[in-house]
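Top to bottom, those sequences are chains A and B. Residues 12 to 551, numbered by the working numbering, are exactly what the first sequence covers, in order. Residues 12 to 551, numbered by the working numbering, are exactly what the second sequence covers, in order.
Hints in this document: simulated from the structure, not taken from any laboratory. The C-beta atom is built at its ideal place from N, Cα and C for all residues, glycine as well. Treat the hints with caution; some may be incorrect.
[To be verified] Below, simulated EDC-like cross-link-like pairs (lysine to aspartate or glutamate); rule was C-alpha separation at most 20 Å, straight line: (1) A:381 x B:18; (2) A:355 x B:277; (3) A:355 x B:38; (4) B:355 x B:393.
[Stated by the list, open to error] Every beta carbon over 12 Å from chain A, so not counted as near; a handful from chain B, in silico: (5) 116; (6) 202; (7) 213; (8) 257; (9) 452.
Protein chains: 2
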Amino acid sequence: MLGLMMDRPLLISGLLEHAQRQFADVEVVSREIDGTVLRYTYRDLAARARRLARALAGLGMGHGSRVATLAWNNHRHLEAYFAVSGSGAVLHTCNPRLHPEQLAYILNLAEDSIVLFDSSFLPLLEKVAAQCPAIGAFVLMGPVASMPAHSSLPNLLCYEALLDAHDDAFEWPVFDERTASALCFTSGTTDLPKGVLYSHRSTLLHSFALGLPDSLSLSARDCVMPVVPMFHVNAWGIPYAAPMNGCKLVLPGPHLDGASLFALIEREQVTCSAGVPTIWLGLAQYMQSNGVRPTTMRRSAVGGSAMPESLIRTFAESFDVEVRHCWGMTETSPLGTQGVPLAKHAGMSADREYALRSKQGRCVFGVELKIVDGEGDALPRDGKAAGELLVRGPWVASAYFRSDTPLLRDGWFATGDIATIDADGFVQITDRVKDVIKSGGEWISSIELENAAMGHPAIALAAVIGVRHPKWDERPVLCAVKQPGQEIDKAAILQFLADRVARWWLPDEVIFVDSLPLGATGKVQKVDLRRRYAHVLSST
Amino acid sequence: MLGLMMDRPLLISGLLEHAQRQFADVEVVSREIDGTVLRYTYRDLAARARRLARALAGLGMGHGSRVATLAWNNHRHLEAYFAVSGSGAVLHTCNPRLHPEQLAYILNLAEDSIVLFDSSFLPLLEKVAAQCPAIGAFVLMGPVASMPAHSSLPNLLCYEALLDAHDDAFEWPVFDERTASALCFTSGTTDLPKGVLYSHRSTLLHSFALGLPDSLSLSARDCVMPVVPMFHVNAWGIPYAAPMNGCKLVLPGPHLDGASLFALIEREQVTCSAGVPTIWLGLAQYMQSNGVRPTTMRRSAVGGSAMPESLIRTFAESFDVEVRHCWGMTETSPLGTQGVPLAKHAGMSADREYALRSKQGRCVFGVELKIVDGEGDALPRDGKAAGELLVRGPWVASAYFRSDTPLLRDGWFATGDIATIDADGFVQITDRVKDVIKSGGEWISSIELENAAMGHPAIALAAVIGVRHPKWDERPVLCAVKQPGQEIDKAAILQFLADRVARWWLPDEVIFVDSLPLGATGKVQKVDLRRRYAHVLSST
């Protein structure tokens with residue numbers, strides 16, 4: 012027996028229509044590439060998205076077409092989010108930090124017929140266009156005045172000219188909520204990128220979960236600024252959850268240094284943000300150097316990699332900003348876990364609270380997690396047993412786009428992360444399956460060692476890799492970047508670590524470097540480090 | 012092109028499994044009929060729900076079976092919520108305040124095969140059982156010791172004996188999320204009751220919306236007490252949203268007077284509640300008389316009928332409790348609107364804020380609203396034009412259970428409420444279509460007059476009805492209950508109203524009564540008043 016409730020599909024266009032009806036005057040603020048700030052409302056966003064939808068339809072975009080973007084967090088990118096997905100086409104957000112060969116590969120695999128791009132990426136596209144003959148139009152996301160005098164791009168069009176040529180008389184189509192809405196490729200460090208194809212249903216359910224008090228907690232009194240890029244896992248879903256909940260939305264553009272972010276946070280009265288730890292490190296350093304603190308910002312989701320406990324503490328104690336540590340992946344839309352204390356934690360000591368907040372948090376409803384051993388058997392939730400983290404739920408990928416790589420294991424997605432889960436459900440990522448250091452048959456967590464090292468005031472960044480060792484199979488090697496103006500040597504950092512980790516975990520070598528190699532999503536590329544330092548322990 | 016995300020259905024059993032995994036030790040507190048307090052956890056709830064599911068399967072309950080309940084807000088009723096719906100059967104919550112004839116009618120229409128009931132309702136069921144021969148088992152929700160020595164009920168079973176006979180080895184079945192989960196009949200004041208058949212999908216989407224910051228704002232640090240009955244629109248969805256968000260849940264049983272509620276709120280440290288205005292009036296009177304205020308309770312959703320502005324102000328100023336005025340119906344699951352200020356309202360005067368909060372609020376994402384005139388044409392959102400409120404969304408009913416009454420008008424549910432919507436989307440219910448007073452071709456809002464009258468400190472309750480008038484077709488008559496110990500006469504209340512409403516709105520007659528007739532859901536039965544006072548203006 013089926014219920015007798017309205018059969019209304021969950022569609023991304025519904026988010027925009029809700030914002031237009033209920034939050035017409037709420038602002039969307041966009042910092043453009045040239046540093047100027049554009050300011051309009053959800054009413055304007057909705058009207059321009061409809062005009063863009065008409066313009067793209069005129070270029071041949073139809074239900075199921077793929078439309079690529081190469082763009083920063085700005086208002087035109089946001090318009091494309093709604094115009095493309097709202098029309099039933101697929102928004103393929105490309106990571107501009109991908110190697111040109113990889114970019115050409117994903118544009119061709121997706122069969123993108125239109126590319127919308129910010130002027131910053133004109134040279135990149137000129138490099139790859141010849142390898143992507145199926146692309147019918149390249150649309151530069153700017154006014155006519157920003158168009159280049161010459162370009163090797165075929166079919167180069169101007170975004171604002173297209174919009175000027177169309178009015179906003181457009182009705183969003185209604186279709187199956189399982190329809191594909193967006194495509195995002197993982198940044199393959201060694202393998203080819205793999206595509207995750209989100210649906211309208213998965214996106215809307217994810218938006219509901221993201222707004223809940225124990226996730227980002229988004230209300231109509233919030234001003235949210237996603238620093239995490241819109242080209243990477245849909246800026247963690249904020250472009251959808253903000254109009255759902257009526258939040259003022261601030262899109263920070265390409266300049267994400269501490270000074271630029273702080274100025275924007277203050278001017279726009281941002282209450283809530285989201286980004287990777289390196290962004291918050293830059294912001295903290297700026298605020299500390301200048302003796303300033305945010306007036307309205309009170310919380311931020313931090314994920315992508317682990318936020319050091321010391322930095323979580325700095326944000327709380329020096330800036331009154333709650334860091335909500337989270338974990339997710341391209342394959343999980345990305346909201347997997349979020350770190351917020353439970354009722355039972357009320358009144359606990361600051362030290363215990365920061366230790367708790369340094370874990371990656373707990374799953375919201377909709378996400379199921381378990382950890383398994385090498386045989387696939389579930390491990391206990393005791394905060395000690397570490398195993399591969401498996402996840403399932405309605406916003407978790409079931410397969411990769413046009414790939415034979417099987418994604419599911421008995422209906423679960425095996426994340427490649429190694430984690431513990433404690434009795435309260437708090438997850439702690441201890442490593443990647445490929446990064447964990449196998450020493451004498453035991454595992455050493457590279458991430459725990461890195462966090463311990465970054466607890467030293469003279470260490471700005473740290474990466475620990477497993478290096479081939481004649482006796483122990485692998486042993487840890489610490490690569491560290493010093494804080495500007497600080498000095499520390501190998502003996503001192505080993506002494507510092509000796510108080511914090513088991514003796515047999517202590518790195519066999521410490522290498523001070525000027526910088527660490529970062530990949531397309533801002534993560535340390537350990538594969539490069541392993542190659543570079545493959546032999547440092549050979550003579551041991 | 013469909014997305015490639017996991018096809019996981021939204022099921023009510025998933026809420027319970029989530030709570031069991033993530034909030035195993037969080038408490039569920041139940042005040043029983045005899046006043047004793049039972050205290051257990053989501054882990055216990057989940058185990059007992061599985062045992063109940065096995066027991067009910069043993070009594071013949073299968074996918075699509077209907078199982079009725081006649082019960083207060085208590086732990087066994089909660090177990091039935093999950094055991095019945097989780098099994099794929101339909102939980103039919105019956106309102107014990109229905110007339111026995113109506114109760115027999117809905118039990119037969121639903122074809123309920125099992126009835127679970129609290130001992131309070133044994134006499135009522137003994138009255139109707141003979142008219143409901145299809146019911147195979149009557150299960151008294153109590154221990155063996157609570158079983159009556161004699162009863163005319165056939166097949167009378169004991170709930171705890173059934174649970175004792177089964178263990179909790181049970182896997183919740185997986186099925187289509189559109190499957191019917193629960194059935195609730197509207198309380199027909201004049202017509203026969205009409206059944207709304209909720210689905211797992213509608214219930215889960217509603218739960219997501221209910222937990223958002225601008226709805227009830229439910230986190231794992233909240234303790235929520237639904238005073239609104241579990242036999243009426245699923246206690247506004249709180250029994251589902253609480254385990255979704257890990258809230259401690261307090262079920263207050265049958266004793267809802269101010270003293271009982273206050274004691275429970277304080278002992279259990281309730282942070283958030285939900286109920287109809289009469290409940291909060293009783294609580295306010297108790298707290299004022301005793302000079303006390305709640306320690307932890309900071310907000311409550313109030314709906315079912317309009318909360319007078321004066322009472323909203325009392326809760327804010329005397330008790331530091333935010334009243335979130337809401338509107339909904341059995342047909343809307345019920346969350347339709349919720350009154351929370353917008354960012355633009357920051358810093359407004361208290362008077363303006365209370366005026367805003369006396370409106371019924373704004374719709375959350377998922378609910379679409381419009382007001383229409385007599386021809387069905389949309390009226391402007393200007394806060395002045397009043398028309399019938401139409402609603403649609405995935406948790407709005409599309410048809411009544413086994414009824415030929417058409418429910419939809421061009422895909423929208425016509426609520427029978429008359430409302431204004433302002434430019435910010437705030438809805439104000441001005442009347443029911445059947446209660447609005449048609450005077451000389453113009454409309455007079457009975458609700459606005461009632462609210463104005465209840466603004467007088469000597470008036471406890473007020474109802475305004477339209478009474479047949481020889482010249483004006485209808486004219487308003489005010490029926491009022493005085494505050495205990497207060498005196499007021501007709502001239503004084505008319506003088507008071509003259510400053511607050513248009514002159515031609517002033518009631519032609521004022522009738523002071525000891526009490527107003529209340530229906531099964533606690534609303535004033537104006538149909539009774541209209542009958543009783545049909546001729547008071549005939550001699551005019």
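Going down the list of hints, with the structure as the test:
1. A:381 x B:18: Distance of about 19 Å is within 20 Å: holds.
2. A:355 x B:277: Within the cut-off at roughly 18 Å; holds.
3. A:355 x B:38: Holds, because 11 Å separates the two Cα atoms, which is no more than 20 Å.
4. B:355 x B:393: holds (17 Å)
5. 116: Holds: least Cβ distance 19 Å, greater than 12 Å.
6. 202: holds (18 Å)
7. 213: violated (4 Å)
8. 257: Per Cβ check, residue 257 of chain B is inside 12 Å of chain A; nearest 7 Å; violated.
9. 452: Its Cβ never comes within 12 Å of chain A, the nearest being 32 Å, so this holds.
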